[in-house]
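I would like the entire structure built from these sequences, with the hints used as guidance.
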Amino acid sequence: MHAFSESFSLALVLITQADAALWQIVALSLRVSATACALGAGAGLLLGAWLAVARFPGHAVVVGLLNTLLALPSVVVGLIVYLLLSRTGPLGSWGILFTPTAMVIAQSILVVPLIAALARQLVADALREGGDELAAMGAGPLLSAVLLLAHARLAVLTVLLTAFGRAVAEVGAVMIVGGNIAGVTRVMTTAIALETSKGDLPLALGLGLVLLGVVAVVNLAVGLIQRRGAAAVPVAAGAAA
Amino acid sequence: MTGLPPRVVPSAPLLALQQAGVAFGGQPALRDVSLQIHRGDRIALVGANGSGKTTLLRLLNGLLPPSSGQRQLPPGGRPPVTAMLFQRPFLLHFSVRRNLQLALWLAGVPAAERAARVDGALQRVGLQAKAAQPARSLSGGQQQRLALARAWAVQPDILFLDEPTASLDPSARREVEQLIDDFGQAGMALVMSTHNLGQAKRLANRMLYLDAGRLLADLPVDDFFHRTDLPPAAAQFLKGELPWT
Numbered sequence: 013m014h015a016f017s018e019s020f021s022l023a024l025v026l027i028t029q030a031d032a033a034l035w036q037i038v039a040l041s042l043r044v045s046a047t048a049c050a051l052g053a054g055a056g057l058l059l060g061a062w063l064a065v066a067r068f069p070g071h072a073v074v075v076g077l078l079n080t081l082l083a084l085p086s087v088v089v090g091l092i093v094y095l096l097l098s099r100t101g102p103l104g105s106w107g108i109l110f111t112p113t114a115m116v117i118a119q120s121i122l123v124v125p126l127i128a129a130l131a132r133q134l135v136a137d138a139l140r141e142g143g144d145e146l147a148a149m150g151a152g153p154l155l156s157a158v159l160l161l162a163h164a165r166l167a168v169l170t171v172l173l174t175a176f177g178r179a180v181a182e183v184g185a186v187m188i189v190g191g192n193i194a195g196v197t198r199v200m201t202t203a204i205a206l207e208t209s210k211g212d213l214p215l216a217l218g219l220g221l222v223l224l225g226v227v228a229v230v231n232l233a234v235g236l237i238q239r240r241g242a243a244a245v246p247v248a249a250g251a252a253a
Numbered sequence: 029m030t031g032l033p034p035r036v037v038p039s040a041p042l043l044a045l046q047q048a049g050v051a052f053g054g055q056p057a058l059r060d061v062s063l064q065i066h067r068g069d070r071i072a073l074v075g076a077n078g079s080g081k082t083t084l085l086r087l088l089n090g091l092l093p094p095s096s097g098q099r100q101l102p103p104g105g106r107p108p109v110t111a112m113l114f115q116r117p118f119l120l121h122f123s124v125r126r127n128l129q130l131a132l133w134l135a136g137v138p139a140a141e142r143a144a145r146v147d148g149a150l151q152r153v154g155l156q157a158k159a160a161q162p163a164r165s166l167s168g169g170q171q172q173r174l175a176l177a178r179a180w181a182v183q184p185d186i187l188f189l190d191e192p193t194a195s196l197d198p199s200a201r202r203e204v205e206q207l208i209d210d211f212g213q214a215g216m217a218l219v220m221s222t223h224n225l226g227q228a229k230r231l232a233n234r235m236l237y238l239d240a241g242r243l244l245a246d247l248p249v250d251d252f253f254h255r256t257d258l259p260p261a262a263a264q265f266l267k268g269e270l271p272w273t
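Which chain is which? The protein sequence lines are R and Z, in order. With positions in the first sequence counted from 1, the corresponding number in the numbering used here is that position plus 12. With positions in the second sequence counted from 1, the corresponding number in the numbering used here is that position plus 28.
For the record, the hints were derived by calculation from the structure and aren't laboratory data. Where hints are given, some of them may not hold.
[Claimed, not checked] Chain R side only, calculated, beta carbon under 7 angstroms to chain Z, not exhaustive:
id	residue
1	Glu145
2	Ala148
3	Met149
4	Gly152
These numbers were taken from a predicted model, which means no experiment stands behind them. For every residue, glycine included, the Cβ atom is placed at its ideal position computed from N, Cα and C.
Pasting the structure below:
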C-alpha cells in the first residue's frame, strides 16, 4: 500500500511538472491514434455506407465477417502487419517497420471494422426511416447512404470517438509493429507495460493516469454528444485489447 | 380493373400503368392495375389497410419496379417530374433552407436557380421565418408543410401523397389540405392515398378504389359517391367509412 501511494504521489508530480519524457510519449500516442482514426474513418465510413446499401451474393456473410472483426485482437493485427512489413514480407521494401507509420497502419486496420460495422448499422437504420423519401427525391443508393452519414453526423462522431478510444488504449499491435523504441515508437500503453516490468512504477502510473484521462475525455465527449440527442450506437471507448 | 368501365379522357397521359402487378416474395400486393394519370387529375386513392395503396403510389413513382405488366412514360417526350410526400416526412438534420437546397440539388436544378426557388417555396408554405431553424425542430404540421415546400420547389408534374395528413391535428390538417389544393390549382397532377373520404371529396376530382391489390373502381369523384352500381366491395367500403367523414 505504501509503495502504491508513494508511486501515485510521484506520478502526480511527473504529470504536474510536465515531465518531458512523459509528455513526449503522450503526444506520440495521441498523434498515432488520431491519424489512425482519421484514416480508418475514411475507409470505414465508406465501407459501412456501401455495405448498408449494396446487395450481392454473400452480402450477409461479409456483414457477419465484419461484425466478427469487431472483436479483432490487436495482437493479431500487429502480427499480420509485422509479417507484411518485415524485411522478408511483401511490403518489407517500404522499410517502415518499427516506425510510427507502421503503428498508424496497424491501428487503422484495427479500427476500420469497428467504424464500418457501426456506420453500416447507422445507415441501415436511417434508410428504413428515410430511404424511400431520398430515393423519391432522386438520390441513388450510395448517395443516400452518404447523405445519411451527414444526417447522422453526431452519431458518426460518437463512432469515431469510440474508435479512438479503442486505438489509444490498445497495446498489442503497437508493441509488435512499433517495437517500443524510446523516443521513436514508445506510446502510453507500451511504456506502461515496459516501466511496470522495470519497476518504474511512478512513470507507469503517471502514464496510466494520463491514459485514463484521455479515455475519460473521450467518453465525456461521447456523453455530451449523446445528450444532444444523437446517440445511436453503443459506447465502447476504452475497450483495450 | 374490373366492374366499371374506365373513364374517358382526352389528353395524352403523363404516366400510365398497363396491367401492372407487384409481388413481394411471391405474394401479390398489386394485380393487373391499369390506369392513366393526366395533367389536371386530382386522384384520391382509397381502400382498406393492406389494399395496396402505398404499393401503388411507390410503383407509380418508380420506387418499385412492376413484377408484371408495365409502367409507361410518355413516348418521345420528357418523363414527368415527380415528387412524393409521405405520411411522416423524412427531414435531414439540417436547417429548413438546407433541406430544400438539397432536394433541388438532387433534382438537378442548376445552382443559380436554387436560392430563388427555395425562397419561393418557403413563402408558398409560410415558413420564411423558419428558414434557418433545424428542420427537425418544427412541429408536425410545419414539417409536413416543409415537405410540401420541398415538393413545390422541384415543380413536379405529378405529386404523389401517401396519407399526407394522417398524423396531423385538425388545424395542421386544414393548412396542409389548403396547400395541397393550391398545388392542384397550380396545375400539378395529384395522386393521394387517404382514409379520409371527406378529404377525398374536398380535394379530389377522381377516385380510385383498391381492394386486395386490385383496382376495382376508377371514377369521377361524384360518381364514386353517388352511383348505385359500384362493385360490392367499394359500396361496402363506402357504407363503412361514410359515417365518420
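Taking the hints in turn, this is what the structure says about them:
The criterion of a C-beta within 7 angstroms of any C-beta in chain Z is met by glutamate 145 of chain R, whose closest approach is roughly 4 angstroms, and the hint holds. Taking 7 angstroms as the C-beta cut-off, the interface hint given for alanine 148 of chain R holds, the closest approach to chain Z being about 4 angstroms. Hint status for methionine 149 of chain R relative to chain Z: holds, with the closest Cβ pair at about 5 angstroms, below 7 angstroms. The beta carbon of glycine 152 of chain R comes no nearer than 10 angstroms to any beta carbon in chain Z, farther than 7 angstroms, and the hint placing it at the interface is violated.
Going through the hint list in order, the structure does not satisfy hint 4, though it satisfies all others.
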